[in-house]
Amino acid sequence: MNPEQLIFYFFGALTLISALLVVSIRNLVRSIFLFFVTIFSLAAMFVFALADFIAVTQVVIYAGGVLVLMLFAFMLSNRELLKGLQSTKDGFKLNHFAGLMIALGFLFLIVTAIINTDIPEVTWLKENNIIGQNDNTIHQIGINTMTRYILPFEMVSVFLMMALIGAAHLARKEKRS
Amino acid sequence: MIPLSHFMLISAGLFCIGLYAVLTKRNAIQILIGIEFMINAAILNFVAFGKFDKFEGGGQMFALFAIVLAAAGVAVALAIILNVYKHFKTIDPAKIDTLKD
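If you read the protein sequences in the order shown, they are chains A and B.
Residue numbers for the first sequence follow my numbering, so the first one is 1 and each next one is one higher.
Residue numbers for the second sequence follow my numbering, so the first one is 1 and each next one is one higher.
In isolation and in its complexed conformation, chain A is listed as follows (with noise of 0.2 Å):
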């Protein structure tokens, strides 16, 4: 096992094994820090994957911008909140029974469905039109945003500013008059 499988499987344990801890531990805190970890490792398998700018992004966006955003949330509302999210002790409930074997039916669908498809088999994967590691995405990927994907990145822009406008509408006080 060379260097790279070892970090990439090194990461990707890490990224399962930090979003298990996170739906499981009964701590908000400690869940939302953790959900650092996560992202943080995902970004690291983007790195494998060759795309260096969505890692890049990933940490940005999502460490930068997300996390931080829900911290601020969760310290926005008061200690009434916090009490609340330390009544999940009442037992092993049927609703969680029911959840885990929904989630765990789909886990098995999905890795079926992966282990039974001939992946390198596949026609458009075999094109030769592989991103090898000396490449520039960067490169490509401001050229394409400007020409093939100009579209939906107008409408990603449109879409931004909608929700910028919605936040601060549903965010504002409201006046008592």
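Read the hints as simulated data drawn from the structure, not as lab findings.
Wrong hints could be hidden among the right ones.
[Claimed, not checked] The list that follows gives simulated cross-link-like pairs (lysine-lysine, BS3-like), each with its CA atoms no further than 25 Å apart:
| # | chain 1 | residue 1 | chain 2 | residue 2 |
| --- | --- | --- | --- | --- |
| 1 | A | LYS173 | B | LYS86 |
| 2 | B | LYS54 | A | LYS126 |
| 3 | B | LYS95 | A | LYS173 |
| 4 | A | LYS173 | B | LYS89 |
Put chain B on the given structure of chain A with help from the hints.
Okay, now just chain B, sitting in the frame of chain A:
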């Protein structure tokens, strides 16, 4: 060279963990984290397949768009959660069962 199916297996695991969180958690912020896991699993698949699309770069471009949309969604969802908390004094989705009043 990591085989493509290993990326897909890890992404499948992450997706199911997110699904479990969405189905069973009784706290809106944790459900949001579950949704983030599912979106991230999808992005991992995008990126893993994008490796085989050098010239058009569809996988990486749409991974970028998905990250941006997820971030915008989180901003709006957290604003809604704060408002719901102000109104109902709880963010347990099971207890929030009215639209207004």
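Restraint check for LYS54(B) with LYS126(A), where alpha carbons must lie at most 25 Å apart = 12 Å, holds
Sort out whether LYS86(B) lies within 25 Å of LYS173(A), counting only the CA atoms.
-> Holds. LYS173(A) to LYS86(B) sits at ~11 Å (cutoff 25 Å).
Taking 25 Å as the top limit, are the C-alpha atoms of LYS173(A) and LYS89(B) close enough?
-> 16 Å, holds
Within a Cα-Cα threshold of 25 Å, do LYS95(B) and LYS173(A) meet the stated pairing?
-> Roughly 24 Å between the alpha carbons, so the hint for LYS95(B) and LYS173(A) holds.
The structure is consistent with each of the numbered hints, conforming to all of them.
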